[in-house]
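Just so you know, the sequences run in chain order A and B.
Residues in the first sequence are numbered from 205 upward in steps of one, following this note's numbering.
Residues in the second sequence are numbered from 862 upward in steps of one, following this note's numbering.
By construction, these hints were calculated from the structure, which means they are not laboratory data.
Every residue, glycine too, gets a C-beta built ideally from N, C-alpha and C.
Watch out, some of these pointers could steer you wrong.
[As the list claims (entries may be wrong)] Covered stretches of chain B, as calculated for chain A (at least 3 residues, CB under 8 angstroms):
| hint | region |
| --- | --- |
| 1 | 931-939 |
| 2 | 969-980 |
| 3 | 999-1013 |
| 4 | 1037-1048 |
| 5 | 1082-1088 |
| 6 | 1156-1163 |
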Amino acid sequence: MKGEEVATSNGKPARSGFHPIDGMRDWWADAPHWQRYAVYIALIVFALILPAPWVGSFMSPDSDWTTVLIFPVGTYILLAVGLNIVVGHAGLLDLGFVAFFAIGAYTWASIGTSYGWSYWPTVVLGIFLASISGVILGAPTLRLRGDYLAIVTLGFGEIVRITANNTDAIGGARGITNVPHPEPIFGVEFFLDPAPYYYLMLFAIVLVVTFSVRLNKSRVGRAWAAIREDEDAAELMGVPTFKFKLLAFAIGAMIGGFAGTIYASKAVFIEPNNFPFILSATILAAVVLGGSGNLPGVILGAFVIAWLPERFRFLSEYRILIFGFVLVLMMALRPEGLLPSRQRKAELREGTGGMGAMGAEVAGPDSEASAEVAK
Amino acid sequence: MFQDLQSQFLGSTIGGLVAGSIYALIALGYTMVYGVLRLINFAHSEIFMIGTMTSLFILVTIAPTAPFTIFSMIGILLLLIVASALVSGGSAIALEQLAYRPLRKKGATRLAALISAIGASLFLQEAFGLKIIPWLFDKPGRVQQSAPRFVPHEELFRIGNGVVRTDHVFVIVGAVIVMVVLDQLVSRTRIGRGIRATAQDPEAAVLMGVSIDRIVRITFLLGGAMAGVAAALFVMEYENTDYRIGFLLGIKAFTAAVLGGIGNLRGALLGGIVLGLVENWSSIFLGSAWKDVTAFVVLVLVLMLRPTGILGESLQRARA
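Excised from the complex, chain B in its bound form:
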């Protein structure tokens, strides 16, 4: 077993960082919406799924061929990221408009909003499985769709015996850049101040002249765009998707958000990375069948020891 550990540790650390970066990006959407509305946006996983479909559609359309130069790789990746972010962000706004806004206006309970979110999630999954995937790709909608490769999955360099591939570097660097931009946006701009104010105290924010509806819309847009970026990176890295891809990833990402301290942007980053690492390390010992179980056991343990998550909920709001 210790030989396994020695030979696989660095490799699975790299795998964990890659998976964790994607969890973290999706987690940002959960954490921002939760921070502002105190709502678990259950349909966020479907926003991610829509992003993967967008990226896949573009890849299938342009059908990249070898040899890949550094410019073609970065160019295609940027195209995927921008397109997926736009489509996912737009879908998130539409979702908010159709599924949450009517409830918010009626002052419904958060439980009712959660049911609405579950309904929207089912609806989107089925709409893609039944109609949209066959229409986009001319293939049966319920099977896994594979994406063409545009970044070689080849060794770039080694750390000890852990192989770092080109696509790993792209995922991690891309995720870090996007997260730094978002963090700066929220902490420095006027819009970011509006978001933070609404998260802290919506009533006071309204009195100070913040338009809640606008802030909510922007929050959904930003969260959806993050899920779109995650989707583009996911399609590049794992080269497949299907109409239910969002479910497990969504749960993991929400777990990551809670793990880091929900409502806290940097917490989402940390939670995602921790979750990805723990999952991959644990599968050295237990095999990958138990990977998802360890993720949840870790969550329960962290919450028992530190109920507000690793970093706490401090960035936007103190404990309610």
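Looking at chain A on its own, in the form it has when it is part of the complex:
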């Protein structure tokens, strides 16, 4: 799934010493098609056998492993891939991503319980509603500078939660109980057994990851990169920045809504407090911790953030304390994330685009960061 390194790079940068990750990336950048597909297939097979009990006995001894793989692990990965489009690709700071997750979840929960629709078309409706709300939120606010966008999205996340809390038609503070399970599809029954939900989640992740990789390699992805690096320059070069930012927002929202519909179908019961601000912050932490903009990194980050608290459930009440501490520590030791995109790493090494404007904000034409862009 390391799809976003562009294959046309020729000539490897000279490095001294042993760099396992960079070495793997160089190999990946030049790998022929069959090798790449072999890796994809190996990864999917790995994911298929992941719910095995012997894996679970180590990974989560205190709770059911397959259930953990659906929520939080799978859900976090799906959300992080969606948020990565907004934050990592387009460079927009969204602190209210959980709102779209909530909209997706509430769409299925309320329609499934009140109108008895089939699950599968409702998923499409949930995705549609989430993207519409993304556009409604984005249209007035995306013209703002980054930090204002952060606070407005944070506000939006709270608005959605408080509105759900105050609206009796969708259960108010009591939430929605007895959310129906999806209908059988292709002979697969969805009921209490978590396995089918895991495979549904896995299918969703593969679909979304493929979509994200393809999108990022297209004209749209290049436009996002231009906006992220320097919005004014992008505008001058004829990139309709507002349109592309709105698109990133809508696509991110779609993925959030998609994750929400799956979550609601498994959860049976949802309430406004399932969608707190802290969930938005956690997903953002997953994206940044993994390496914003780099899909394998983001997936790894989401996995770590979702899995660590489950693994250390025996620490019960100290979990969030430790989580907070680890976030501070990780950022101090490795601010670029676990698996950063190469371009980010180079930017960081040169001190361009950092916080506090202590260096030049834009990389010069002969900097290492620009060389990584050219790849």
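With chain A held as given, fit chain B onto it using these hints.
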């Protein structure tokens, strides 16, 4: 509905001014740090929480009893303000040292600093909820803690049908005095000049002999102290706190800072007051359950019409 408006308007205006003064004081911390570092100091809400705990601890320790004279009221309030400001300011410096400085030295992205801030915020909340509150007050840490009264919440005078209480006067007067002092400090002293210079252009400021590290530390100290003052006034006015008190107030205060024009001290004051008033007025019509929603809707509307906030970002820096 119009009868409601008539009978409640002045009362909720006073409530709005009181809440707005506290928002404004907290907003100053956000706006100053943002002005200097261009960083949303997400853990500022926890600095405020630490201030409320300090005030509460002092109040519980001295256990004031009636009758309250004007001297005892002002004396206790001053003690709370000074102690909370010191503890909050100190915590803010420690926070900067531990959570932000390592990132700043590495030239990390502002996003990484934001994650570090969220981590620090979670850590502080949990540390208080789990250990520090039980240790300070000998009570379960996750419940609301109530503070003893030392200023009578009684009518002092009326404006029309709006009742002004003693504690209202203290909050508003206290906030105004502190803000005037801060404003003078930033606009007239050498330190203030350093802060403004760093906010305008850090590189040029360094060349002119400003020590950035020192300025950043002072900025955090001042912002934290403002949150401490807000905390003392909050404990006096609302007489309760808990380990998560900072979250909603912090969001509101940041909203206030953005509303007035972030990086602009007078903007924070105006934004806080506007936010407090709008919230309280809107709850006459919609009920208090929708109070927080109106606050954010107002924010979006203001930003749509005037993207740099009401007063603009002009005091310290032009649009970046």
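With a C-beta cutoff of 8 angstroms, work out whether three or more residues of the region 1156-1163 of chain B approach chain A closely enough for the coverage to hold.
-> holds (count 5)
Within 8 angstroms of chain A (C-beta), three or more residues of the region 999-1013 of chain B = violated (count 0)
Are there at least three residues in the region 969-980 of chain B whose beta carbon sits under 8 angstroms from a beta carbon of chain A?
-> As far as the region 969-980 of chain B goes, the hint holds, because 11 residues have Cβ atoms under 8 angstroms from chain A.
Given as covered by chain A, does the region 931-939 of chain B meet the bar of three residues or more with CB within less than 8 angstroms?
-> violated (count 0)
Are 3 or more residues of the region 1037-1048 of chain B near chain A, judged by a Cβ distance of less than 8 angstroms?
-> Three-residue rule not met by the region 1037-1048 of chain B, so violated; n is 0.
Per the coverage rule (Cβ-Cβ under 8 angstroms, at least three residues), is the region 1082-1088 of chain B covered by chain A?
-> violated (count 0)
Violated hints for the displayed structure, listed by number in ascending order: 1, 3, 4, 5.
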